[in-house]
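Asks: Sequence:
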Amino acid sequence: MTMLSFDPKLFSKEFPHKVEELLLLVMRKGFSLTLIGGTVRDFLVTGKVGKDLDFELKHSMPYSNEEWISRLKFLKKEIQKQWNCEELAFNIIRVFIDDIEVEFSSARTEKYMGDGPFSHSDFEVELNPSLGTKESVERRDFTLNSIGILFGAPGTEEEYLLVDPLNGVNDLSHKTLKPAGSEFYKDPVRLLRTLRFSIKYGYDYKNIEFKKFDLSLLTVHWFLAEAKKSRKTSFFKIFFDCISQHKVSLNEKIVTLEPLSSISDCEWSGRLEDLMILLIENFQSISKADFLNVGLTLNLPQQFVSSLFENVQSLKSLKSVEKDKLKSMSCEEFSTSQEFKLVKSLHQFESKFPEVLKQFSQKEIVDRLDEIFYIWPLGFEKNHDKPDYNSLEPELRSSYLYKRQLDV
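Under this note's numbering, the letters of the sequence shown match residues 331 to 738, in that order.
Don't read these hints as lab results, they were simulated from the structure. Be careful, since some hints might not be right.
[Said to hold, decoys possible] Cut-off 20 angstroms, straight-line C-alpha distance, at most; resulting in silico cross-link-like pairs (SDA-like, lysine to any residue): (1) K558 <-> K541; (2) K464 <-> S435; (3) K343 <-> V375; (4) K541 <-> G444; (5) K359 <-> L480; (6) K577 <-> S435; (7) K407 <-> E351; (8) K348 <-> G377; (9) K618 <-> E588; (10) K378 <-> Y490; (11) K407 <-> K378; (12) K406 <-> D382; (13) K559 <-> S599; (14) K562 <-> V550.
Model, not experiment: these values are computed from the prediction.
Required output: the full structure, derived from the provided sequences and hints.
Replies: Below, the structure is given as C-alpha cells:
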C-alpha cells in the first residue's frame, strides 16, 4: 500500500486554466474557495483534474442567513455578466465554461429531523459562511470524499493547500470507505453509493454497518441512478444480497426488481431496454407477470415489455427452424404455419423497436433468420411490384413476401 500525497505543482499544471479568471472574480468579491469531492479524490489517485469542479464558498464576514443568501445572489449576477450559469437548489451556482462545469455552493449543514425512516432529501439545510472546516465536511458521504484543496493567493506557497480534517487521504490510500458524519445512515442513497464505489473502485466497506440503514423510502429513481453509474449488472445481485444478509427494510417497489439480481455480471449501457433484454436472457424461468412487473417499476411502456417477452420466446423457439421444410410448403400452407406467425411477429416487433432484438446475445439465431427470411433489416419491399405478388389474394400477400426469400 502506497500512501497518497498532494503535489501542488502537479495540480497547478493539470488544473484547467480557462477557469482561473472565473475563480479570481469570485475571490475578489471576498469569498474563499475550497475545491472538494470527487475531483480532489481522483486527482490524488490519478494525478489528473476532471471537468466537474465543485467549490465550497465561505466568507470571513459573519453574515446573517438573509445577508449571506443576498451575497450569493449578487455573486451569481456578477458571474452571469461573463459566463453562462444557472441557480440550483440551496443557492448553488453552476457555471458552464466550454466542456467544464463549475459549481459554487455555500458551506452548509444538513440535519435529518425525527426518527425516520427518511428519503434522500428529508433533511433541513442551514447555509453558514463561517462554518468550521470539520463541520462543513461532515455532511458528505465518505471521508475520502471530504478532502479539499483550499485556493489561496496566486503565486504564493499557499496558492493550493490540502484540507483533510477527517483523515480522508489515509482512508483513500487504504481504499476503505468510512462515514464522514453521524447523519450518514439516515440517507438511504448512501448504501447504494457504498456498493457502487466498491464495484467501481474496489474500495472495501468493512467499516459500514449496513444494518443501520432503512430503505423503506428509497425511490426507484435513486436506485436506478446509482445502478447506472456503476455500469455493471453485478450491482443488482450485490445490492439484493446485502439487503437480505443485513435484513434492511426496503421499499416494496424496489422489491419487484429483485429478478434483476439473476443477470450475470457484465457491462451495462445504462439503457433500461437493454436491462430487460439481459433479464430475459439470464432468467430462463421468469414468468410474464414478473417480467411485466419489472418493466412497470422501470416505467417502461407495457406494450414494449409485453412484446419483448413474447418475441424473445418466439426467437428462441425458432432456433431449430428447418428451411427445407418451409420451402416444400405451398404459399397457402406457409401462411398458416407456426413458423410464419412467429417470424411475422418478430418482423413487426423489429419495425416498432429498431435494433432491440439485434442486441439479443443469441445472435446466431438472428443471423440464421436473416439468411432464411431476409427480414433483418427490412428488405423485401422490392417484391411489391412483381406480377405474381399482385395476382395473389390479399390475405396471402404477406406470407408471399417471406416465402419468396426461401426460393432464391
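Asks: So, for every hint listed, does it hold in this structure?
Replies: Okay, the hints, checked on the actual structure:
1. K558 <-> K541: violated, 24 angstroms
2. K464 <-> S435: holds, 16 angstroms
3. K343 <-> V375: holds, 16 angstroms
4. K541 <-> G444: Holds, because 19 angstroms separates the two Cα atoms, which is no more than 20 angstroms.
5. K359 <-> L480: holds, 16 angstroms
6. K577 <-> S435: Between K577 and S435 the Cα gap is close to 37 angstroms, so the pair fails against 20 angstroms, i.e. violated.
7. K407 <-> E351: Holds, at roughly 16 angstroms.
8. K348 <-> G377: holds, 19 angstroms
9. K618 <-> E588: holds, 15 angstroms
10. K378 <-> Y490: Given that 20 angstroms is the threshold and the Cα spacing comes to 15 angstroms, the pair holds.
11. K407 <-> K378: Not OK: K407 and K378 at ~31 angstroms, beyond 20 angstroms, violated.
12. K406 <-> D382: holds, 18 angstroms
13. K559 <-> S599: Holds: K559 and S599 sit about 10 angstroms apart, inside 20 angstroms.
14. K562 <-> V550: With a Cα-Cα distance of about 17 angstroms, the restraint between K562 and V550 holds, given a limit of 20 angstroms.
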